[in-house]
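Student: Sequence:
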Amino acid sequence: ILQAPAQGHHSRRLLCDNIVFCVPSLCTPTPAMFPAQIARRTVQQQLRRCSSATTKQFSSSSSSSSSSSKPKQCIGGVVAASASAALFWASSPSRAESLSVGGLDARDSSVPPFTMDHPRYDQSTFFGRLMGMYDYIDPRTLFLSSDDVKQCQAMLEEFKKTGRVPAGVTDEEMWAARKNVEVSLHPITGEELFRPGRMSAFVPMNAPLCALMLMANGPKQVVLTQWLNQTYNSVNNYVNRAGATVDWSALLQSYGLAVTSACGISLAASSVISAVPALQVLGPFVPYLAVVAAGSANMTFTRMEEWNGAGVTVVDETGRELGMSKKAGQMGVAQTVLTRGVILPIAPMVMPILGMKLLKPFMINKPVAVVTELCLITGCIAGMLPVALSILPQKMEINVSDLEPEFQGLKDANGNPVTKAYANKGL
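The sequence shown runs contiguously to residue 1206 in the numbering used here.
Simulated from the structure, these hints should not be mistaken for lab results.
Check before you lean on any hint, since a few could be wrong.
Calculated cross-link-like contacts (lysine to aspartate or glutamate; reagent style DMTMM-like; alpha-carbon spacing at most 25 Å) [claimed, not checked]:
no., residue 1, residue 2
1, LYS1106, ASP1026
2, LYS1190, ASP1095
3, LYS939, ASP926
In this text the structure is predicted, and so the values were computed from the model without any measurement.
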């Protein structure tokens, strides 16, 4: 919160020990980042205390050591309260609540005018992509009924026809309606997505799967948990496919390859570690290696058409289609494997292991240990998934010189050489 850029002029400046902290009035761009009443009141109280302490410090001609420590304590309170609040989603998925601090409606002032021409958040910056991903994985949207989604569709259709926000509807509600539609319906077919396979179900579905894989003991449990994980991955890949149709042969082959590689690597690594005592320290990291290998194979094989077939669609700056490129497809698949296949599993498969080692003195019994580990896994997935998917832009910018010969020497509508091309990276 402290490092985020202040939204407009609605910010609190806390001057403590010659350091200026610009704290936005908790007008975080996404309603999914803050809980409801209890945490909200806690954060508001901390801000009021900070403002009071700061005013007293600078209005006093002389400050004692005890009074000078108050702003520091207040800042710590703000950070603690804000961090705890950011761990939860608690407002309505279809309508964002306003959050007022000091009489200012910070959320309303920070909401950009609604449009269908571009996303709500600037996708050219990491922060904008991160906020967009938090919207995309918001698990509250799983509770939307079909009627709720249809109502959101009707609001968007009315906007498309008139070019104006419907009467009595705010920009915030329109952005929420657009989010609800985009995360619930397939962009090509318009069909409602299978709920367990949606990206908004990624965290609640993967948390128990990761826990089972980390707790698996023995060959049978290892095979079972790896099979469950790759089965879910295949369902997720199918639900979030880019096209209207799917090559079932390629999907089944990728599924078989992923299950085989995951189980094979897990069993082989476990055998080697058991045979070589010096390698036993690496035992907890076997599930991570298996997930990385299987996930990378699954994505690579599922998207083979993109990097070894027809390629992906490439456009210029104006959106004019330039053709199909296998090289662009290879870049997209490689970037996706890096972020989702290699970086993403680090948090849920490695960090909980380290965390449990630090918390071992406090684990009084097995149920407490299981619950603690599950909480660590859930927090790591929820925190790392948006970060991993936001590292690289969804829209790749590619130098034309890096593409096939047929893209060299192209001209735009004004007769200028086309030097940059763009393609969708995929998730």
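Student: All hints are to be evaluated individually against the structure, with a verdict given for each.
Tutor: Checked hints:
no.	hint	in the structure
1	LYS1106 to ASP1026	holds (21 Å)
2	LYS1190 to ASP1095	holds (10 Å)
3	LYS939 to ASP926	holds (20 Å)
Consistency with the previously given hints is maintained throughout, with no hint failing.
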